[in-house]
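*Asks:* All chains should be built: construct the whole structure from the sequences, respecting the hints.
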Amino acid sequence: PLPAQASLSAADILRYSRQLVLPELGVRGQLLLARSSVLVVGCGGLGCPLAQYLAAAGVGRLGLVDHDVVETSNLHRQVLHGEARRGLPKALSAAAALRLLNSTVQYVPYCGALSPRTALELVRQYDVVADCSDNVPTRYLVNDACVLAGKPLVSGSALRLEGQLVVYNYQGGPCYRCLFPKPPPPETVTNCADGGVLGVVPGIVGCIQALEVLKIASGMGSSFGQFMLMFDAREGRFRNIKLRPKKPDCAVCGDNPSVTCLQDYEAFCGSSATDKCRTLHLL
Amino acid sequence: PLPAQASLSAADILRYSRQLVLPELGVRGQLLLARSSVLVVGCGGLGCPLAQYLAAAGVGRLGLVDHDVVETSNLHRQVLHGEARRGLPKALSAAAALRLLNSTVQYVPYCGALSPRTALELVRQYDVVADCSDNVPTRYLVNDACVLAGKPLVSGSALRLEGQLVVYNYQGGPCYRCLFPKPPPPETVTNCADGGVLGVVPGIVGCIQALEVLKIASGMGSSFGQFMLMFDAREGRFRNIKLRPKKPDCAVCGDNPSVTCLQDYEAFCGSSATDKCRTLHLL
Amino acid sequence: MAAPVSLQVEFGGGAELLFDGVKKHQVTLPCQPEPWDIRNLLKWIKQNLLKERPELFMQGESVRPGILVLINDADWELMGELDYKLQDQDNVLFISTLHGG
Amino acid sequence: MAAPVSLQVEFGGGAELLFDGVKKHQVTLPCQPEPWDIRNLLKWIKQNLLKERPELFMQGESVRPGILVLINDADWELMGELDYKLQDQDNVLFISTLHGG
Ligand SMILES: [Zn+2]
Ligand SMILES: [Zn+2]
Chain A
1 PLPAQASLSA ADILRYSRQL VLPELGVRGQ LLLARSSVLV VGCGGLGCPL
51 AQYLAAAGVG RLGLVDHDVV ETSNLHRQVL HGEARRGLPK ALSAAAALRL
101 LNSTVQYVPY CGALSPRTAL ELVRQYDVVA DCSDNVPTRY LVNDACVLAG
151 KPLVSGSALR LEGQLVVYNY QGGPCYRCLF PKPPPPETVT NCADGGVLGV
201 VPGIVGCIQA LEVLKIASGM GSSFGQFMLM FDAREGRFRN IKLRPKKPDC
251 AVCGDNPSVT CLQDYEAFCG SSATDKCRTL HLL
Chain B
284 PLPAQASLSA ADILRYSRQL VLPELGVRGQ LLLARSSVLV VGCGGLGCPL
334 AQYLAAAGVG RLGLVDHDVV ETSNLHRQVL HGEARRGLPK ALSAAAALRL
384 LNSTVQYVPY CGALSPRTAL ELVRQYDVVA DCSDNVPTRY LVNDACVLAG
434 KPLVSGSALR LEGQLVVYNY QGGPCYRCLF PKPPPPETVT NCADGGVLGV
484 VPGIVGCIQA LEVLKIASGM GSSFGQFMLM FDAREGRFRN IKLRPKKPDC
534 AVCGDNPSVT CLQDYEAFCG SSATDKCRTL HLL
Chain C
567 MAAPVSLQVE FGGGAELLFD GVKKHQVTLP CQPEPWDIRN LLKWIKQNLL
617 KERPELFMQG ESVRPGILVL INDADWELMG ELDYKLQDQD NVLFISTLHG
667 G
Chain D
668 MAAPVSLQVE FGGGAELLFD GVKKHQVTLP CQPEPWDIRN LLKWIKQNLL
718 KERPELFMQG ESVRPGILVL INDADWELMG ELDYKLQDQD NVLFISTLHG
768 G
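Chains as they are written, first to last, in this note's numbering: chain A, 1 to 283; chain B, 284 to 566; chain C, 567 to 667; chain D, 668 to 768.
Honestly, the hints are just simulated from the structure, not real lab data.
Watch out, some of these pointers could steer you wrong.
Claimed, not checked - With a straight-line Cα cutoff of 30 Å, these simulated DSSO-like cross-link-like pairs (lysine-lysine) come out:
{"id": "1", "chain 1": "D", "residue 1": "Lys713", "chain 2": "D", "residue 2": "Lys690"}
{"id": "2", "chain 1": "B", "residue 1": "Lys465", "chain 2": "C", "residue 2": "Lys590"}
{"id": "3", "chain 1": "B", "residue 1": "Lys525", "chain 2": "D", "residue 2": "Lys718"}
{"id": "4", "chain 1": "C", "residue 1": "Lys589", "chain 2": "A", "residue 2": "Lys242"}
{"id": "5", "chain 1": "D", "residue 1": "Lys710", "chain 2": "A", "residue 2": "Lys182"}
{"id": "6", "chain 1": "B", "residue 1": "Lys465", "chain 2": "C", "residue 2": "Lys612"}
{"id": "7", "chain 1": "A", "residue 1": "Lys242", "chain 2": "D", "residue 2": "Lys691"}
{"id": "8", "chain 1": "C", "residue 1": "Lys617", "chain 2": "B", "residue 2": "Lys529"}
{"id": "9", "chain 1": "B", "residue 1": "Lys530", "chain 2": "C", "residue 2": "Lys609"}
{"id": "10", "chain 1": "C", "residue 1": "Lys609", "chain 2": "B", "residue 2": "Lys465"}
{"id": "11", "chain 1": "D", "residue 1": "Lys752", "chain 2": "A", "residue 2": "Lys182"}
{"id": "12", "chain 1": "A", "residue 1": "Lys247", "chain 2": "D", "residue 2": "Lys752"}
{"id": "13", "chain 1": "D", "residue 1": "Lys690", "chain 2": "A", "residue 2": "Lys182"}
{"id": "14", "chain 1": "A", "residue 1": "Lys242", "chain 2": "C", "residue 2": "Lys590"}
{"id": "15", "chain 1": "D", "residue 1": "Lys713", "chain 2": "B", "residue 2": "Lys525"}
{"id": "16", "chain 1": "B", "residue 1": "Lys525", "chain 2": "C", "residue 2": "Lys612"}
{"id": "17", "chain 1": "A", "residue 1": "Lys247", "chain 2": "D", "residue 2": "Lys718"}
{"id": "18", "chain 1": "B", "residue 1": "Lys434", "chain 2": "B", "residue 2": "Lys525"}
{"id": "19", "chain 1": "B", "residue 1": "Lys525", "chain 2": "C", "residue 2": "Lys589"}
{"id": "20", "chain 1": "C", "residue 1": "Lys651", "chain 2": "B", "residue 2": "Lys529"}
{"id": "21", "chain 1": "D", "residue 1": "Lys690", "chain 2": "A", "residue 2": "Lys242"}
{"id": "22", "chain 1": "C", "residue 1": "Lys609", "chain 2": "C", "residue 2": "Lys589"}
{"id": "23", "chain 1": "D", "residue 1": "Lys713", "chain 2": "A", "residue 2": "Lys151"}
{"id": "24", "chain 1": "D", "residue 1": "Lys718", "chain 2": "A", "residue 2": "Lys246"}
{"id": "25", "chain 1": "C", "residue 1": "Lys589", "chain 2": "B", "residue 2": "Lys465"}
{"id": "26", "chain 1": "A", "residue 1": "Lys182", "chain 2": "D", "residue 2": "Lys691"}
{"id": "27", "chain 1": "B", "residue 1": "Lys530", "chain 2": "C", "residue 2": "Lys651"}
{"id": "28", "chain 1": "B", "residue 1": "Lys434", "chain 2": "C", "residue 2": "Lys590"}
{"id": "29", "chain 1": "C", "residue 1": "Lys609", "chain 2": "A", "residue 2": "Lys246"}
{"id": "30", "chain 1": "A", "residue 1": "Lys247", "chain 2": "D", "residue 2": "Lys710"}
{"id": "31", "chain 1": "A", "residue 1": "Lys242", "chain 2": "B", "residue 2": "Lys525"}
{"id": "32", "chain 1": "C", "residue 1": "Lys617", "chain 2": "B", "residue 2": "Lys465"}
{"id": "33", "chain 1": "C", "residue 1": "Lys617", "chain 2": "C", "residue 2": "Lys589"}
{"id": "34", "chain 1": "D", "residue 1": "Lys713", "chain 2": "A", "residue 2": "Lys182"}
{"id": "35", "chain 1": "A", "residue 1": "Lys182", "chain 2": "A", "residue 2": "Lys246"}
Stated by the list, open to error - Sample of chain B residues facing chain A (criterion: CB under 10 Å; computed from the structure):
{"id": "36", "residue": "Leu291"}
{"id": "37", "residue": "Ala294"}
{"id": "38", "residue": "Leu297"}
{"id": "39", "residue": "Leu305"}
{"id": "40", "residue": "Arg311"}
Where is the CB? At the ideal position from N, CA and C, for every residue including glycine.
*Replies:* This is the structure in structure tokens:
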């Protein structure tokens with residue numbers, strides 16, 4: 001965490017007054033938020049609303065990772081970027097937008113894909129990680145880095161009219177690999193470009209991710225350490241699914257892990273983390 | 284509704300491509316969105332995320348009502364406004380922010396409180412109304428105007444760590460008065476200034492309101508015409524509550540309505556729609 | 567004699583603040599000659615759970631305006647309101663409606 | 668002989684696209700000598716519901732990686748996985764995990 005402040009400034013008290021009166025947060029929780037740093041992996045449909053509400057709430061430092069640039073087809077769901085920012089790296093565009101909302105937060109943009117070479121050192125610098133990525137190799141990479149660094153991972157995903165959320169590696173609960181020891185066959189994976197997504201669906205999931213990050217960072221604790229939230233936008237229905245506990249034979253968080261450093265996740269998954277056309281053609 | 288377009292422009296097809304591929308929406312649904320107009324009553328914690336996702340999705344016209352100006356204590360949850368817009372009317376600030384995101388939508392800011400003198404004529408100009416207000420008199424006023432004008436009302440509310448959402452006056456379902464024939468005693472009503480609110484809670488509710496507006500405007504239909512969504516942020520739990528049907532003896536939507544024109548809602552509720560200190564001192 | 571009835575009684579939307587901030591209460595209603603209904607439950611709550619300012623929760627023999635009563639996640643109007651006969655293991659939720667935004 | 672078993676079988680996260688886009692199926696499994704378990708249910712689904720490309724849903728006698736099986740809203744790992752004995756009125760949900768963002 002960042003250095004502790006002894007107290008809130010008068011400006012902070014004014015800005016956060018509506019949440020300071022909550023007994024569940026209070027000055028104590030706000031000071032914890034101000035000390036905490038959150039790494040946002042992906043500044044797209046999930047990362048935009050997530051970063052927006054974390055910045056507004058007064059998290060101390062936000063790391064913003066994205067390798068992509070803003071495109072017109074992003075704007076229906078990636079609400080931090082604007083028409084004038086097309087062509088800019090998303091991490092820079094997001095940081096610029098967030099600075100207008102709350103200039104007292106530190107923003108650290110990383111323009112590039114999270115890679116196995118750098119992910120562990122990066123994750124070690126943050127207290128909580130939010131997986132807002134859009135592909136399978138990155139999800140395994142972020143998971144393994146969080147397990148190796150001992151950080152909680154608030155993971156969201158959305159496609160078409162559905163969303164899912166789990167908090168991994170939190171308070172003795174399972175990690176992503178405990179649930180998914182083997183990656184899905186690449187031909188079964190659909191991305192937002194192919195499958196489509198109604199923009200407000202990642203909006204809803206990203207906001208709920210922000211809520212869980214705030215609950216973890218402020219000491220309230222998350223309810224999703226061994227539960228998955230499933231959301232069906234068509235039906236307007238949310239379900240809380242009880243998940244398995246941490247698995248003793250998990251390759252990365254188990255008792256005898258075989259994964260002790262980060263690997264080649266694109267090879268493991270048979271797909272690319274950065275291409276628009278995701279399946280690796282291996283022949 | 285606005286005049287129908289025969290087809291989408293090439294720019295629209297590019298911008299909305301990720302949602303056009305959804306069979307539930309498609310070009311037909313997008314053209315319906317482009318024809319539809321939505322009145323957003325309140326540009327605060329609920330109205331900001333709602334307007335953001337409606338603008339991004341390509342609604343034709345957004346009316347933005349708010350009588351207030353941007354203050355520092357709003358910024359922890361009212362994410363469309365920024366530090367530099369403090370002191371500006373919220374309706375203008377919201378319109379300016381939304382224009383940067385999607386300049387192809389028409390924005391109509393109304394700087395002033397919704398009043399019984401003007402509300403009915405205003406509501407008649409829109410297809411769907413979103414109640415993002417923060418006080419009881421406005422909630423009855425918006426409801427009665429929607430019933431008299433025959434418009435569906437997507438109503439959200441949030442306080443502390445909880446949120447609620449209902450769609451009123453929709454497809455033969457109940458109106459707000461069917462559920463709440465009598466206003467609550469003023470001394471039992473808590474506002475966000477007194478009770479506090481975690482900013483992302485109205486963020487989540489406002490996004491779900493946007494989803495229901497989009498489902499109604501695009502012809503998918505809402506699931507909340509006779510259901511209330513209740514959200515407990517602390518527990519991370521959503522509940523869908525089955526509500527009563529429309530009541531034949533409802534004062535405004537019943538078989539023999541006593542309310543046939545808009546009234547004095549501040550007197551009816553014993554509280555003010557615009558004061559910071561809400562209870563009317565009648566003596 | 568009706569058998570004792572076990573209920574989960576919940577408060578939300580701020581109504582829990584009248585009950586020491588506790589949202590979920592496991593309640594066992596004692597045996598009594600007639601079956602338990604919501605009318606009797608409200609009397610029982612007033613005597614046994616409600617610590618102060620009953621006028622912020624009740625009005626006459628019913629709940630005050632602005633509180634919704636939900637029986638097993640359904641509006642009590644669908645179930646007979648005050649006359650609903652409570653069943654063992656029912657969930658009764660009293661929720662104060664929110665107006666903030 | 669085990670009695671017939673009625674289930675609600677649901678598909679989500681895109682898995683429903685292999686079943687004509689239908690998310691909810693009311694299923695009645697016929698009487699058979701041994702009790703119905705998830706292993707047998709998967710065989711029955713493959714023969715009776717799955718229209719095409721079974722490799723996108725199954726791998727061997729189980730589901731393919733990336734599909735979670737949930738029995739009455741709990742992870743099937745908590746319930747015995749393939750060996751779980753189905754009860755009448757169980758809800759079985761097959762959900763494809765999402766990766767979009
Ligand atoms: Zn693990
Ligand atoms: Zn009515």
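*Asks:* All hints, please: hold or fail.
*Replies:* Results for each hint:
no.: 1; hint: D:Lys713 - D:Lys690; result: holds (16 Å)
no.: 2; hint: B:Lys465 - C:Lys590; result: holds (27 Å)
no.: 3; hint: B:Lys525 - D:Lys718; result: violated (36 Å)
no.: 4; hint: C:Lys589 - A:Lys242; result: holds (22 Å)
no.: 5; hint: D:Lys710 - A:Lys182; result: holds (22 Å)
no.: 6; hint: B:Lys465 - C:Lys612; result: holds (22 Å)
no.: 7; hint: A:Lys242 - D:Lys691; result: holds (20 Å)
no.: 8; hint: C:Lys617 - B:Lys529; result: violated (35 Å)
no.: 9; hint: B:Lys530 - C:Lys609; result: holds (27 Å)
no.: 10; hint: C:Lys609 - B:Lys465; result: holds (22 Å)
no.: 11; hint: D:Lys752 - A:Lys182; result: holds (26 Å)
no.: 12; hint: A:Lys247 - D:Lys752; result: holds (23 Å)
no.: 13; hint: D:Lys690 - A:Lys182; result: holds (25 Å)
no.: 14; hint: A:Lys242 - C:Lys590; result: holds (20 Å)
no.: 15; hint: D:Lys713 - B:Lys525; result: violated (36 Å)
no.: 16; hint: B:Lys525 - C:Lys612; result: holds (26 Å)
no.: 17; hint: A:Lys247 - D:Lys718; result: violated (34 Å)
no.: 18; hint: B:Lys434 - B:Lys525; result: holds (22 Å)
no.: 19; hint: B:Lys525 - C:Lys589; result: holds (20 Å)
no.: 20; hint: C:Lys651 - B:Lys529; result: holds (24 Å)
no.: 21; hint: D:Lys690 - A:Lys242; result: holds (20 Å)
no.: 22; hint: C:Lys609 - C:Lys589; result: holds (19 Å)
no.: 23; hint: D:Lys713 - A:Lys151; result: violated (41 Å)
no.: 24; hint: D:Lys718 - A:Lys246; result: violated (35 Å)
no.: 25; hint: C:Lys589 - B:Lys465; result: holds (25 Å)
no.: 26; hint: A:Lys182 - D:Lys691; result: holds (27 Å)
no.: 27; hint: B:Lys530 - C:Lys651; result: holds (23 Å)
no.: 28; hint: B:Lys434 - C:Lys590; result: violated (37 Å)
no.: 29; hint: C:Lys609 - A:Lys246; result: violated (47 Å)
no.: 30; hint: A:Lys247 - D:Lys710; result: holds (27 Å)
no.: 31; hint: A:Lys242 - B:Lys525; result: holds (24 Å)
no.: 32; hint: C:Lys617 - B:Lys465; result: holds (25 Å)
no.: 33; hint: C:Lys617 - C:Lys589; result: holds (14 Å)
no.: 34; hint: D:Lys713 - A:Lys182; result: holds (22 Å)
no.: 35; hint: A:Lys182 - A:Lys246; result: holds (16 Å)
no.: 36; hint: Leu291; result: violated (13 Å)
no.: 37; hint: Ala294; result: holds (8 Å)
no.: 38; hint: Leu297; result: holds (5 Å)
no.: 39; hint: Leu305; result: holds (4 Å)
no.: 40; hint: Arg311; result: violated (14 Å)
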